[in-house]
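Here the sequence shown stands for residues 1 to 312, numbered as in UniProt numbering.
It should be emphasised that the hints constitute simulated quantities derived from the structure, not laboratory data. Incorrect hints may have been included.
Said to hold, decoys possible - Here are the simulated DSSO-like cross-link-like pairs (lysine-lysine), alpha carbons at most 27 Å apart as the crow flies:
#1 251 to 160
#2 89 to 251
#3 153 to 260
#4 89 to 58
#5 211 to 221
#6 221 to 209
#7 89 to 70
#8 58 to 70
#9 153 to 251
#10 70 to 209
#11 209 to 89
#12 160 to 260
Unchecked claim - Ranges of calculated distance between the beta carbons of each label pair, as one might list FRET restraints:
#13 287 to 22: 53 to 59 Å
#14 230 to 52: 49 to 55 Å
#15 64 to 221: 51 to 57 Å
#16 237 to 4: 34 to 40 Å
#17 294 to 220: 36 to 42 Å
#18 225 to 146: 32 to 38 Å
#19 146 to 203: 43 to 49 Å
#20 164 to 198: 52 to 58 Å
Quick reminder that beta carbons are idealized off the backbone N, C-alpha and C, glycines included.
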Amino acid sequence: MLSFVFRRFISMIVTLWLIVTVTFFLMHAVPGSPFEKEGKALNATVEQNLNAYYNLDKPLVVQYVLYLQKLVQFDLGPSTANASDTVNKMIARGFPVSFQLGVIAVVFAIFSGVGLGVVAALRHNRLIDYAAMVIAVLGISIPSFVVAPLLIKYLAVEWKLLPTATWGSWQHVVMPALALAFGPIAIIARLTRTNMLEILTQEYIETAKAKGLKPATIVFKHALRNAILPVVTLLGALIANVLTGSFVIEKIFAIPGMGKYFVAGIINRDYSVIMGTTVFYSALLIFMMFVVDVLYGIIDPRIKLHRKESEG
Numbered sequence: 001m002l003s004f005v006f007r008r009f010i011s012m013i014v015t016l017w018l019i020v021t022v023t024f025f026l027m028h029a030v031p032g033s034p035f036e037k038e039g040k041a042l043n044a045t046v047e048q049n050l051n052a053y054y055n056l057d058k059p060l061v062v063q064y065v066l067y068l069q070k071l072v073q074f075d076l077g078p079s080t081a082n083a084s085d086t087v088n089k090m091i092a093r094g095f096p097v098s099f100q101l102g103v104i105a106v107v108f109a110i111f112s113g114v115g116l117g118v119v120a121a122l123r124h125n126r127l128i129d130y131a132a133m134v135i136a137v138l139g140i141s142i143p144s145f146v147v148a149p150l151l152i153k154y155l156a157v158e159w160k161l162l163p164t165a166t167w168g169s170w171q172h173v174v175m176p177a178l179a180l181a182f183g184p185i186a187i188i189a190r191l192t193r194t195n196m197l198e199i200l201t202q203e204y205i206e207t208a209k210a211k212g213l214k215p216a217t218i219v220f221k222h223a224l225r226n227a228i229l230p231v232v233t234l235l236g237a238l239i240a241n242v243l244t245g246s247f248v249i250e251k252i253f254a255i256p257g258m259g260k261y262f263v264a265g266i267i268n269r270d271y272s273v274i275m276g277t278t279v280f281y282s283a284l285l286i287f288m289m290f291v292v293d294v295l296y297g298i299i300d301p302r303i304k305l306h307r308k309e310s311e312g
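With the hints as constraints, model all of the structure from the sequences given.
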């Protein structure tokens, strides 16, 4: 296990370095200056001083090395749009909000999707199965930025059940979490249903029925454990989808999370904010993929056994 963790850690570092490198050079390849506002250039002397302050007057390779040195020290630098603010402070302000929204959306998607998939499989070719698959098709077809305005129109404007936007209470979480979770619920439900239908026909399930085990025990202890393995594999991509999708949702619902700073950074061509948020979220997603690998081995011990046999 220690050897596996070490190899994955090295892989994580290399992957993150590649992401940082590609993002850095692509961002600097975009023409224009981060100090141009609405197409208007600054005074030449002022721009020269700003370039010197942010090390933008140095060769690109030198800038890259300096950035890596600061990154190793967990210093993401000052904002080029607002020198009095730093990327670290922005993340400290915005990430707790985005994290709370993301966790709620992911948890809701997992439990709702798995539950819907199990019920659909147990009621195969019945009304509830057809209804679940209709919901799944809609969830896959309709993106979150389309679901969000529909939720606002009906739940907030028409029926006045929830507040329209901003952040502060549990009521403010409901609509953005639903918008983020709608697509993942559909994907998880379809995947769970497909796997449950296959597993319920396996011989060991028939043996469990012949032994007189309760239906609930057969479903939740034997069938579901194997059926959710592909869902666990999907968790990394699911979390990535929710976190990146939250940028747009946060903007729609005026949520003071990371999306606010990321969108503003792109609009203002704020190099530090773009790089900082990209590096931060990349590190987070790479770490989550590592956690998924570990969870996969915990849920299905046969994977560990297979690895040992392969190494032997």
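Keeping to a limit of 27 Å between CA atoms, is the pair of residue 89 and residue 70 held or broken?
The given pair, whose Cα atoms are some 15 Å apart, holds under the 27 Å limit.
Next pair to validate is residue 160 with residue 260; report whether the Cα-Cα distance is within 27 Å.
Within the cut-off at roughly 26 Å; holds.
Residue 153 and residue 251: Cα distance at most 27 Å?
Between residue 153 and residue 251 the Cα gap is close to 16 Å, so the pair holds against 27 Å.
Satisfaction of hint between residue 221 and residue 211, Cα-Cα up to 27 Å
Measuring from Cα to Cα gives roughly 14 Å; hence the hint holds.
Holds or violated: are the alpha carbons of residue 89 and residue 251 at most 27 Å from each other?
Distance ~20 Å between residue 89 and residue 251 Cα, so the pair holds.
Could you grab the alpha-carbon distance between residue 89 and residue 58 and see if it respects the 27 Å cut-off?
This hinted pair holds, its Cα atoms lying about 26 Å apart.
Holds or violated: the 34 to 40 Å window for the beta-carbon distance between residue 237 and residue 4?
violated, 21 Å
Is 49 to 55 Å respected by the C-beta to C-beta distance linking residue 230 and residue 52?
holds, 54 Å
Consistency of beta-carbon spacing, residue 221 to residue 64, with hint 51 to 57 Å:
holds, 53 Å
For a C-alpha distance cap of 27 Å, please report whether residue 209 and residue 89 respect it.
Distance of about 58 Å is beyond 27 Å: violated.
How does the Cβ-Cβ distance of residue 164 and residue 198 compare with 52 to 58 Å: does it lie in that range?
violated, 44 Å
If I claimed the Cβ atoms of residue 294 and residue 220 lie 36 to 42 Å apart, would that claim hold in this structure?
Taking Cβ atoms as reference, residue 294 and residue 220 lie about 23 Å apart, which means the hint is violated.
Violation of the numbered hints given earlier is confined to hints 10, 11, 13, 16, 17, 20; the remaining hints are satisfied by the structure.
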